[in-house]
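K.L.:
Following the hints, put chains B and C in place on chain A, whose structure we already have.
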Amino acid sequence: MRHTVLRFIASRLLQTALVLLAMSFVVYLLIGLMPGDPIDLMISGNPRLTPDDVARLRAVYGLDQPLWSRYLAWLGSALSGDLGASRLFARPVLEVMGPFLVNTCVLMGVSFVLSIVIAIPLGVWAARKPGSLADRGINAFAFAGISMPVFWLGLMLIIVFSVLLSWFPASGTGRGGGWFDAVRSLMLPVITLTIHETGVLLRYTRSAMIETMRQDFIRAIRAKGASESWVMWRHALPNAMLPVVTVIALSFGGLFSGALVTETIFAYPGMGRMIYDSVMGNDFNLALIGLLLATVLTLAANLAADLLYAWLDPRIRLGDDR
Amino acid sequence: MTALLAAEHLTKRYRGHAPSGTVTALDDVSLSLEAGETLALVGESGSGKSTLARALLGLTPVDSGRARFGDADIATLRGDSLMAFRRAVQIVFQDPFASLNPRLSVGRSLAEPLVIHGIGDRGERRRRVSEALESVGLSAADAARAPHAFSGGQRQRIAIARALILGPEAIVLDEPLSALDVTIQRQILTLLAQLKQQRRLTYLFITHDLGVARAIADRIAVMHHGRVVEAGPTERIFTAPEQHYTRELIAAVPVLGAGRRAGVGR
Amino acid sequence: MRALVDRFRTQRSAIVAVAFLLLLALLAVCAPLVANLLGADMTAVDLYHRFEGPSLTHPLGTDELGRDVLVRLLYGARVSLAVGIIGALAASVVGTLIGLAAGLSGGRGDAVLMRFTDGVIALPLLPLLIVLAAADPTKIGLSESFARAGEGGLLRISIIVALVGWTTVARLVRGAALTLREREYVLAAAALGASRLRIAFVHILPNAAGPIVAATALAVGNVILIESVLSFLGLGIQPPAASWGNMLTNAQEMMMSSPGLALYPGLLILGTVVACNVAGDGIEAALDPRTTTE
Numbered sequence: 000m001r002h003t004v005l006r007f008i009a010s011r012l013l014q015t016a017l018v019l020l021a022m023s024f025v026v027y028l029l030i031g032l033m034p035g036d037p038i039d040l041m042i043s044g045n046p047r048l049t050p051d052d053v054a055r056l057r058a059v060y061g062l063d064q065p066l067w068s069r070y071l072a073w074l075g076s077a078l079s080g081d082l083g084a085s086r087l088f089a090r091p092v093l094e095v096m097g098p099f100l101v102n103t104c105v106l107m108g109v110s111f112v113l114s115i116v117i118a119i120p121l122g123v124w125a126a127r128k129p130g131s132l133a134d135r136g137i138n139a140f141a142f143a144g145i146s147m148p149v150f151w152l153g154l155m156l157i158i159v160f161s162v163l164l165s166w167f168p169a170s171g172t173g174r175g176g177g178w179f180d181a182v183r184s185l186m187l188p189v190i191t192l193t194i195h196e197t198g199v200l201l202r203y204t205r206s207a208m209i210e211t212m213r214q215d216f217i218r219a220i221r222a223k224g225a226s227e228s229w230v231m232w233r234h235a236l237p238n239a240m241l242p243v244v245t246v247i248a249l250s251f252g253g254l255f256s257g258a259l260v261t262e263t264i265f266a267y268p269g270m271g272r273m274i275y276d277s278v279m280g281n282d283f284n285l286a287l288i289g290l291l292l293a294t295v296l297t298l299a300a301n302l303a304a305d306l307l308y309a310w311l312d313p314r315i316r317l318g319d320d321r
Numbered sequence: 000m001t002a003l004l005a006a007e008h009l010t011k012r013y014r015g016h017a018p019s020g021t022v023t024a025l026d027d028v029s030l031s032l033e034a035g036e037t038l039a040l041v042g043e044s045g046s047g048k049s050t051l052a053r054a055l056l057g058l059t060p061v062d063s064g065r066a067r068f069g070d071a072d073i074a075t076l077r078g079d080s081l082m083a084f085r086r087a088v089q090i091v092f093q094d095p096f097a098s099l100n101p102r103l104s105v106g107r108s109l110a111e112p113l114v115i116h117g118i119g120d121r122g123e124r125r126r127r128v129s130e131a132l133e134s135v136g137l138s139a140a141d142a143a144r145a146p147h148a149f150s151g152g153q154r155q156r157i158a159i160a161r162a163l164i165l166g167p168e169a170i171v172l173d174e175p176l177s178a179l180d181v182t183i184q185r186q187i188l189t190l191l192a193q194l195k196q197q198r199r200l201t202y203l204f205i206t207h208d209l210g211v212a213r214a215i216a217d218r219i220a221v222m223h224h225g226r227v228v229e230a231g232p233t234e235r236i237f238t239a240p241e242q243h244y245t246r247e248l249i250a251a252v253p254v255l256g257a258g259r260r261a262g263v264g265r
Numbered sequence: 000m001r002a003l004v005d006r007f008r009t010q011r012s013a014i015v016a017v018a019f020l021l022l023l024a025l026l027a028v029c030a031p032l033v034a035n036l037l038g039a040d041m042t043a044v045d046l047y048h049r050f051e052g053p054s055l056t057h058p059l060g061t062d063e064l065g066r067d068v069l070v071r072l073l074y075g076a077r078v079s080l081a082v083g084i085i086g087a088l089a090a091s092v093v094g095t096l097i098g099l100a101a102g103l104s105g106g107r108g109d110a111v112l113m114r115f116t117d118g119v120i121a122l123p124l125l126p127l128l129i130v131l132a133a134a135d136p137t138k139i140g141l142s143e144s145f146a147r148a149g150e151g152g153l154l155r156i157s158i159i160v161a162l163v164g165w166t167t168v169a170r171l172v173r174g175a176a177l178t179l180r181e182r183e184y185v186l187a188a189a190a191l192g193a194s195r196l197r198i199a200f201v202h203i204l205p206n207a208a209g210p211i212v213a214a215t216a217l218a219v220g221n222v223i224l225i226e227s228v229l230s231f232l233g234l235g236i237q238p239p240a241a242s243w244g245n246m247l248t249n250a251q252e253m254m255m256s257s258p259g260l261a262l263y264p265g266l267l268i269l270g271t272v273v274a275c276n277v278a279g280d281g282i283e284a285a286l287d288p289r290t291t292t293e
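Going line by line, the protein sequences match chains A, B and C.
Under numbering that gives the first Met the number 0, residues 0 to 321 are what the first sequence spells out, in order.
Under numbering that gives the first Met the number 0, residues 0 to 265 are what the second sequence spells out, in order.
Under numbering that gives the first Met the number 0, residues 0 to 293 are what the third sequence spells out, in order.
Looking at chain A on its own, in the form it has when it is part of the complex (with noise of 0.2 Å):
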């Protein structure tokens, strides 16, 4: 391939991982703020312990260390591989991850998906005719669920479908069940996440197409007798496509916030709920590693709408490479 989209890579990839250590040390500092230490709880666990004891402690676990020390002896172990293990769990904290990622993996890449598949068809709809009947509506759904608090709606449709309908669970994977249950646990959380997701790219697609389908060169594919859904489908959406691509990979992030609310609401256990549930919980290891996973998957949704965003722009795939 070019030599400069190459070189476009590396230099985001070691951005990326330059971003990740500094904030590797931000998410540390903070973790630091979090009530209580390691051995205050052991403590308030077992009150006989001495002053003495308490100081030997200290220095064997390095809490009497000054925090840059400490944080980079955590990034040494950190790096080869060792990260510690939760407080909650009493098992390593790789391994209780696992599950919690997958679960999150889950829930948010059926919203993810879903949410694209329903607000790009409707964006452009509601963009054929701006101000229209169809058009308000759209609009009004996609303000709606920009707006909605995604606890309150979680905590609406439990009632309405758990409660007064008994349609679906109100918490867990159903995971036991085999899948029917799987899909029908899954159903409320992701239709409660959804909702929000779609409402943020329904708007974005939405204003993308207007803004392309009010260019000249639009009017010129018209002149020559295209149909209309030719000209959304095949030459205005194409173009809208970049601002919006940057938008979806962009809102990934706040995807995950909306995901760490909505396991809370349905007892989902995901890594926002374990984030969560670590913080209240004082379990600095595996809230430290919940929030640098949380910190990675975002990066790394930016960079692909970066490097998604070089190639489809016809200026920089186009540009001069001699």
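Calculated from the structure, these hints are not laboratory results.
Just so it is clear, CB atoms sit at the ideal spot from N, CA and C, and this is done for glycine as well.
Take these hints with a grain of salt, some might be off.
Restraint-style ranges between C-beta atoms, simulated for each label pair [stated by the list, open to error]: (1) L32/C with A72/A: 54 to 60 Å; (2) L13/A with P60/B: 25 to 31 Å; (3) R49/C with M186/A: 30 to 36 Å.
P.N.:
Only chains B and C this time, still in chain A's reference frame:
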């Protein structure tokens, strides 16, 4: 005698979209502006004239070479000496619609230099602003209005007033007429000539219009692709140009008959 | 400015939105008045009258501790609007300062600030907020009471929001600064000897104000959502102080006994945030020279 303002081997490159990757805006440019004269800097668009103007005022950094104000290197000026330089050398830009802050009233824009240099109190400043407006042919009442209430020609007058309010020695005029209608151009040019005489100013007049240059300049410098191709007294340049490019420029000027100012030269 | 307001007035839905918000603000301000009228205090626990339906003394019924719902909703409105506005303003101020610094310093300074901004954007929002909200203020030298007190709670959340919410405005302002710094009037100011500070605040900022205002209006809605989530999770405004979010905390258990309790706070959040978004959108549309009347 030391020149009032001088460029010494100025070079500036931009990282641009050209195949080679860089655009050389200024290529070892040396030029001097003597006190009291009007030096016209002529050339096509992209020849580097505006870049030179900005470099001479210290508004753009250069890659090598120096811009001098008297004996001092502009880049080394700080504090009081820098402020003195700012008071002494001013600039008028090409686009009258972009040279005034749309959010400030004309009065505030004109008073700003006084505020920056701590000159006078409220009343004194108001007086000076009125004076400045009147000296360019506008009225004192215009101070309260916003820039968009004025035409291009009027805005250029305001820009000139702003340049004059600190009592400078020299003014760099970066294509001050190019964005104006032809009849207005004449008015502004006359105004500039008057002001020069009244206040004993020195002008560096940048233009692509050779006719204008011939009408007002004592000396002419010709720029092409970032270099000063030729420089000399006005009449000599026109009657006995030495460089090929200069000759081409002059030949491109359509002459509309004796006694009338030549048209746009390109 | 006047042209802007005129154009804004042509966006009918935005006018409705603003009217709604003003009405809400009015009601919120009158919360103590209403409390007096009904003879009900926000925190008055009355275990003999739990989960009551609408009545003359309690127009919207009572909650799980017998407190009047309407009054609590109104006080909750105070919290939401206050946090929304203060948080959004704080985030905008921080973002504007950083954006100006980045856009005007160029080169190294800009690159560093932008990388930092990218880094903060990359952090997952809600987990970050949770960590910040759960943070122990004594560890950075603030007193314990600061964290839990009514006023402290408001301030604390606003600060937290400002700490993570500044990035959008920062990018916006940086973009505007980069564009505007090449304008002739900015160059003229520099040629006159204006300091960088002066250029930033007299020339750049006023001309970038429009988008900043629009972004801030939109931010208010987001901040209200954030506050409600945090309060819902028990990390924001603590009971007995009322917040729409913490009124929903026990909603799951209350669903059978009194579904209205779960409904009202959520509807209010939804309505208020929609209004903020529509109003912010209206401002953006008013700024866009190509907008046509609705």
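K.L.:
Where does the structure disagree with the numbered hints, that is, which hint numbers, in rising order?
P.N.:
none
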